[in-house]
Amino acid sequence: MSALLVSNLRVEINGSQILKGVNFDVRANSVTALLGRNGVGKSSTLKAILGIYPHSGKVQLGERDITREQTYRIVRSGIGYIPEDREIFASLTVKENLSLAELDEEPNYELAYSLFPELKERANQRAGTLSGGQQQMVAIARALLNKSEILLVDEPTKGLAPRLVTEVADALARIASNATMLIVEQNLALVRRIAKDIVVMDQGTVVFSGGIENLNDEEFVHRHLGVSVRGH
Amino acid sequence: MDTFLLIGITGIGLGALYFLVACGLSLIYGLMGVLNFAHGAFLSVGAFAGYWFAVKLFPVTSNLSFALSILVGGIAGGLFALLVEQLVIKRLYNRHIDQALVTVGVSLVAAAMLGGWFGHDPLLLPTPTWWYNAIQIGDAFIPVDRLLYIGVSLLMLILFFVILRFTRIGLVIRAGVENRTMVQALGINVKLAFSTVFFLGGLAAGVGGVLIAGYSGGVSPYFSGTWLIYGFIVVVVGGMGSLGGSALAALLIGISRQYVNYYAPGLGDFVVVILLALVLIFRPQGLLGKVAH
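Residue numbers (the working numbering), protein chains in the order written: chain V, 124 to 355; chain Y, 5 to 297.
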């Protein structure tokens, strides 16, 4: 059964067609990776699903059509979002950043703090003074406070030091074992580790959907992603 | 020394009035990106409501009637701001030119309507007898009304601080000033925060309107124009969306304007413009402003 169904999704910004009819689905209790070169529309797809970008087409969360809903209603209907570049609130403390994200009556701080105990120690520190890795932990933790039907994760390891990439990857692997996730990620090692399905985009449209095993095909990876298997 | 102290406290009092005008403007722009030219109308509506309340309901002015007229002015300003937001601005978010045109239109219509109801001549706001008294501090005699402006502005600053720092809606507003798209992506209806900010901004402007009516010797439909210009300057110098920045800039502008006007008559406004230019050149985000997304 599909947790998320995206049909003919189109986005036009300032007269430019960013998405040209994107179609794919995300299986429940599974991780799907949205792949492609830079600028093909992966992050725009997540933002369109969330209603941040104006769009046409159809987006269905489970049985519910969320295409025309406002962003905050879409999130409340069960989508967690970990944005590209963290987008934490720099002037707020870590505690305030997390508290802002509370939607459930009993937010799951236990999970958030078990994955990132450091955040508990830094609760009163301004988020803007955290390192990039710690800010990413805040961004991930706030998406985990509420029960979500699906998590949309946008380039979680982008710009992180190698040691932090491992830490964030471990946390995502632990989350992925018990969640439905659509992840945009350039790090193919992480994708192979947590994803079961892949959707490859090129120039605003989906050019391939299938199993993760395709990432072992050197020719496939080179053709669609412009990198070599060994390099990633 | 007594003159120096007198001018300083008068400058702080003037800065306090600027703060009341600017704090709402700053939060409204910081959170919503709305350049609100109707803010002067919030000031006028508050001032006229306070005047009407004081004149119609209290033939003899007392401390209580004056305090209530300030409160009524604040509430009227807040409700009018909420009305403008709900009827007009809500439909124009992210349409900045349309917002500017419509809010200018609202200010003109409000002034015309107030002129139709109350006339165009300045109306003297009834004030308590102590309004024109002075108290002695050292060798200086300080007009009591200046201290009232400072006290009311401090109360307003504390009220805003408590709301912003210790309430859920305040947390949403502070986050929204930084990145309102992300606030919505956390499942929060940011429009509720928008309405709250409009009400609070109108409240402060309404309170400021009543006090400015006392300071400037009367209330008339177009009396808010100059104050709105100074409000915008305070917002730009202090930093869009920064309450502390507005308070600091209001004080700086009020004090420097008074001192310069005394020691170099007629150059007070010039110095304010120079200060504005320096901030725009060397610190365009304002003294305490942040770059919003």
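Just so you know, the hints here were simulated from the structure itself, not pulled from any lab data.
Note that the coordinates shown come from a computational prediction; the quantities given were computed from them, not determined experimentally.
Even for Gly, the Cβ is constructed at its ideal location relative to N, Cα and C.
Incorrect hints may have been included.
[Claimed, not checked] Calculated from the model, a selection of chain Y residues having no Cβ within reach of chain V, i.e. all distances over 10 Å:
| # | residue |
| --- | --- |
| 1 | F62 |
| 2 | V64 |
| 3 | I141 |
| 4 | F145 |
| 5 | Q188 |
| 6 | I192 |
| 7 | Y263 |
| 8 | Y266 |
| 9 | L271 |
| 10 | G272 |
| 11 | L280 |
| 12 | Q289 |
[Stated by the list, open to error] Cβ pair distances, simulated, as ranges:
| # | chain 1 | residue 1 | chain 2 | residue 2 | range |
| --- | --- | --- | --- | --- | --- |
| 13 | V | F331 | Y | I173 | 38 to 48 Å |
| 14 | Y | L158 | V | G185 | 50 to 60 Å |
| 15 | Y | I173 | V | A312 | 40 to 50 Å |
| 16 | V | S130 | Y | F286 | 46 to 56 Å |
| 17 | V | G180 | Y | K94 | 20 to 30 Å |
| 18 | Y | V166 | V | D227 | 22 to 32 Å |
| 19 | Y | I173 | V | E342 | 33 to 43 Å |
**Prompt:** That 38 to 48 Å hint for F331(V) and I173(Y) (C-beta), does it hold up?
**Reply:** Given range 38 to 48 Å: holds, Cβ gap about 46 Å.
**Request:** With 33 to 43 Å as the target window, see if I173(Y) and E342(V) comply at their CB atoms.
**Result:** 56 Å Cβ-Cβ, so the 33 to 43 Å window is violated.
**Prompt:** Is the nearest Cβ of chain V still more than 10 Å from the Cβ of I141(Y)?
**Reply:** Given that every Cβ of chain V is farther than 10 Å from that of I141(Y), nearest at about 37 Å, it holds.
**Message:** Verify this label for me: G272(Y) is non-interface relative to chain V, using a Cβ-Cβ cutoff of 10 Å.
**Reply:** holds, 34 Å
**Item:** Range agreement (Cβ of F286(Y) with Cβ of S130(V), hint 46 to 56 Å)
**Value:** holds, 52 Å
**Item:** Check on Q188(Y) being off the interface with chain V, judged by Cβ distance over 10 Å
**Value:** violated, 4 Å
**Given as non-interface: V64(Y), partner chain V, CB spacing beyond 10 Å** = The claim holds: V64(Y) sits with its nearest Cβ about 49 Å from chain V, beyond 10 Å.
**Message:** If I take the minimum Cβ distance from Y266(Y) to any residue of chain V, is it greater than 10 Å?
**Reply:** The claim stands: Y266(Y) keeps its Cβ more than 10 Å from every Cβ of chain V (closest is about 38 Å).
**Claimed clearance of chain V by F62(Y), with the beta carbon kept past 10 Å** = Its Cβ never comes within 10 Å of chain V, the nearest being 44 Å, so this holds.
**Request:** Could you check that no beta carbon of chain V comes within 10 Å of the beta carbon of Q289(Y)?
**Result:** holds, 13 Å
**Request:** Just tell me: holds or violated, for the beta carbon distance of G180(V) and K94(Y) against 20 to 30 Å?
**Result:** holds, 27 Å
**Message:** Looking only at beta-carbon atoms, does the pair V166(Y), D227(V) fall within the given range of 22 to 32 Å?
**Reply:** With Cβ atoms ~27 Å apart, the hint holds.
Going down the numbered hints, you'll see the structure goes against 5, 6 and 19, while the others check out.
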